[in-house]
Amino acid sequence: MTNPTDLKYAQSHEWVKLTGEIATIGVTKFAVEQLTEPTFLELAKLGKSVKAADEIGVIESVKSTSSIYSPIPGDVIEVNQAALDNLALVNDDPFGAGWLLKMKVNPDVLLDHLLDAAQYDAQIAGH
Amino acid sequence: MADLRTPLHSWHVAHKARMVAFGGWDMPVQYTGIIEEHKAVRGGGGLFDIGHMARLSFTGPDALGFLESAFTNSVASMQVGQVRYGLILNDRGGILDDILVYRFRDHFEAVVNAGNREKILDWLKEHLGELDCNIVDHTFETAMIAIQGPQSVALVDGLFADDVSKLKYYFATHTTWSGHAVTVSRTGYTGEDGFEIVIPNALGVPLWEALIAKGAVPCGLGSRDTLRLEAAMPLYGHELSEQIDPIQAKLEWAVKMDKGDFHGRAALRNRLPALPERVGLLLEGKRAAREGSMLFAEGSAVGIVTSGSYVPHLQQSIAMGYLPKNFSPVGTELLVDLRGTKVTATVVALPFYTRPKT
Numbered sequence: 849m850t851n852p853t854d855l856k857y858a859q860s861h862e863w864v865k866l867t868g869e870i871a872t873i874g875v876t877k878f879a880v881e882q883l884t885e886p887t888f889l890e891l892a893k894l895g896k897s898v899k900a901a902d903e904i905g906v907i908e909s910v911k912s913t914s915s916i917y918s919p920i921p922g923d924v925i926e927v928n929q930a931a932l933d934n935l936a937l938v939n940d941d942p943f944g945a946g947w948l949l950k951m952k953v954n955p956d957v958l959l960d961h962l963l964d965a966a967q968y969d970a971q972i973a974g975h
Numbered sequence: 005m006a007d008l009r010t011p012l013h014s015w016h017v018a019h020k021a022r023m024v025a026f027g028g029w030d031m032p033v034q035y036t037g038i039i040e041e042h043k044a045v046r047g048g049g050g051l052f053d054i055g056h057m058a059r060l061s062f063t064g065p066d067a068l069g070f071l072e073s074a075f076t077n078s079v080a081s082m083q084v085g086q087v088r089y090g091l092i093l094n095d096r097g098g099i100l101d102d103i104l105v106y107r108f109r110d111h112f113e114a115v116v117n118a119g120n121r122e123k124i125l126d127w128l129k130e131h132l133g134e135l136d137c138n139i140v141d142h143t144f145e146t147a148m149i150a151i152q153g154p155q156s157v158a159l160v161d162g163l164f165a166d167d168v169s170k171l172k173y174y175f176a177t178h179t180t181w182s183g184h185a186v187t188v189s190r191t192g193y194t195g196e197d198g199f200e201i202v203i204p205n206a207l208g209v210p211l212w213e214a215l216i217a218k219g220a221v222p223c224g225l226g227s228r229d230t231l232r233l234e235a236a237m238p239l240y241g242h243e244l245s246e247q248i249d250p251i252q253a254k255l256e257w258a259v260k261m262d263k264g265d266f267h268g269r270a271a272l273r274n275r276l277p278a279l280p281e282r283v284g285l286l287l288e289g290k291r292a293a294r295e296g297s298m299l300f301a302e303g304s305a306v307g308i309v310t311s312g313s314y315v316p317h318l319q320q321s322i323a324m325g326y327l328p329k330n331f332s333p334v335g336t337e338l339l340v341d342l343r344g345t346k347v348t349a350t351v352v353a354l355p356f357y358t359r360p361k362t
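Protein chains in written order, with our numbering: chain A, 849 to 975; chain B, 5 to 362.
Because the hints were derived from the structure by calculation, they are not lab data.
Watch out, some of these pointers could steer you wrong.
Straight-line alpha carbon distances no greater than 30 angstroms define the calculated DSBU-like cross-link-like pairs of lysine-lysine that follow [what the hints assert, rightly or not]: (1) A:Lys-950 <-> B:Lys-290; (2) B:Lys-170 <-> B:Lys-361; (3) B:Lys-218 <-> B:Lys-170; (4) B:Lys-290 <-> B:Lys-361; (5) B:Lys-254 <-> B:Lys-361; (6) B:Lys-329 <-> A:Lys-896; (7) B:Lys-172 <-> B:Lys-290; (8) B:Lys-290 <-> A:Lys-899; (9) A:Lys-893 <-> B:Lys-123; (10) A:Lys-950 <-> A:Lys-899; (11) B:Lys-263 <-> A:Lys-911; (12) A:Lys-952 <-> A:Lys-865; (13) B:Lys-170 <-> A:Lys-911; (14) A:Lys-899 <-> B:Lys-218.
These numbers were taken from a predicted model, which means no experiment stands behind them.
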């Protein structure tokens, strides 16, 4: 697997990258592969305040519909319009250009409940 | 659960197919992508491993009479080489399975859904009684491969000892490939022209690779599902079940009430009128309804979705489901609940997709 080591992962297959008070959130390559190519994406509205595990989006493929959950609490400050306009970005580059949204988070937000890349590798091993 | 493997299983794994459990079998859901594979079938020729489908033979003097009593469509009126779609019903008229029956010169064959193989074998043996008919399950002796799409005739050209392009739709023939006996039928489950080929196990991979060499695109069960949905073909376990009868499922054309008695006929004669019936739905927007999504009218839940997807060729969000007759006319507007969001869905005529006339 190619899960980047600079990200943290939720068991529900979202990733988060924390840079100061800004958290960038997306879904993992494994999630996209399991879902198969996205046909629909909806993301939380700008300004929405979310708790950890709140729904922040819905992603669909021809096969299935999945909720996207926020790994951490915060306020949505940006959504990736390019990804909404072109779902291939999420399919082809979920850890890069296919990021989903950015949140402003409390500077001392806890990430302890999230997995590191090795732990996430282990979770998805065998699939 | 999914411990059964077709003769093509190792090929799928070696070619990085994503494998899923289906009907007790470990089957490819996609190779490169469902959308691409779906479009390959609509625009050219796709190849499917359908070895999970159960293949049964019926021999003996009572084979015709027994099948006539078990199958809703007419068997006696079939020509040699003809294939017919129909149902096996329980005593309440509910659908035990939808199957294909093949008539050959001295015997019959049937293709049964993978997940119903054991149930149907048990049911057939239980209902055989004193009749002289030998039923044999050949599923594990053979591979079954479907070639589907407008290029199907070109893709099989010259492959077999006989010219199978002369086969009429829903006819089958015995022929040979590389000197080995095969059965080829002009049948399929995608809404396109095509052939389904039954071949001994050891020849499954060589025939598969020969078809790829001619330009056929390997396709998984994911696209098979979206293709059959566009063509509005029912899928057992979704549109069809033991709780649904063929009239509800809009399959009256495959039920010959006046051919003589058959299992379930009395129940269909005495059925309650005005049961919910199968409909097609077109949703607003790109979000898909899924099996179990509820349909609302006038503020009340009135029906349920049995299959739904945003489909690659039509590029629309379509679904099939069941609605009572007062909400089933084409043009009726309803709301479908997509995990808390209500989206407008309109009843439309089936099928959603019909292949262009050539």
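These are the hints, each one checked on the structure:
| no. | hint | in the structure |
| --- | --- | --- |
| 1 | A:Lys-950 <-> B:Lys-290 | 25 angstroms, holds |
| 2 | B:Lys-170 <-> B:Lys-361 | 17 angstroms, holds |
| 3 | B:Lys-218 <-> B:Lys-170 | 20 angstroms, holds |
| 4 | B:Lys-290 <-> B:Lys-361 | 28 angstroms, holds |
| 5 | B:Lys-254 <-> B:Lys-361 | 24 angstroms, holds |
| 6 | B:Lys-329 <-> A:Lys-896 | 43 angstroms, violated |
| 7 | B:Lys-172 <-> B:Lys-290 | 38 angstroms, violated |
| 8 | B:Lys-290 <-> A:Lys-899 | 28 angstroms, holds |
| 9 | A:Lys-893 <-> B:Lys-123 | 50 angstroms, violated |
| 10 | A:Lys-950 <-> A:Lys-899 | 14 angstroms, holds |
| 11 | B:Lys-263 <-> A:Lys-911 | 40 angstroms, violated |
| 12 | A:Lys-952 <-> A:Lys-865 | 12 angstroms, holds |
| 13 | B:Lys-170 <-> A:Lys-911 | 36 angstroms, violated |
| 14 | A:Lys-899 <-> B:Lys-218 | 55 angstroms, violated |
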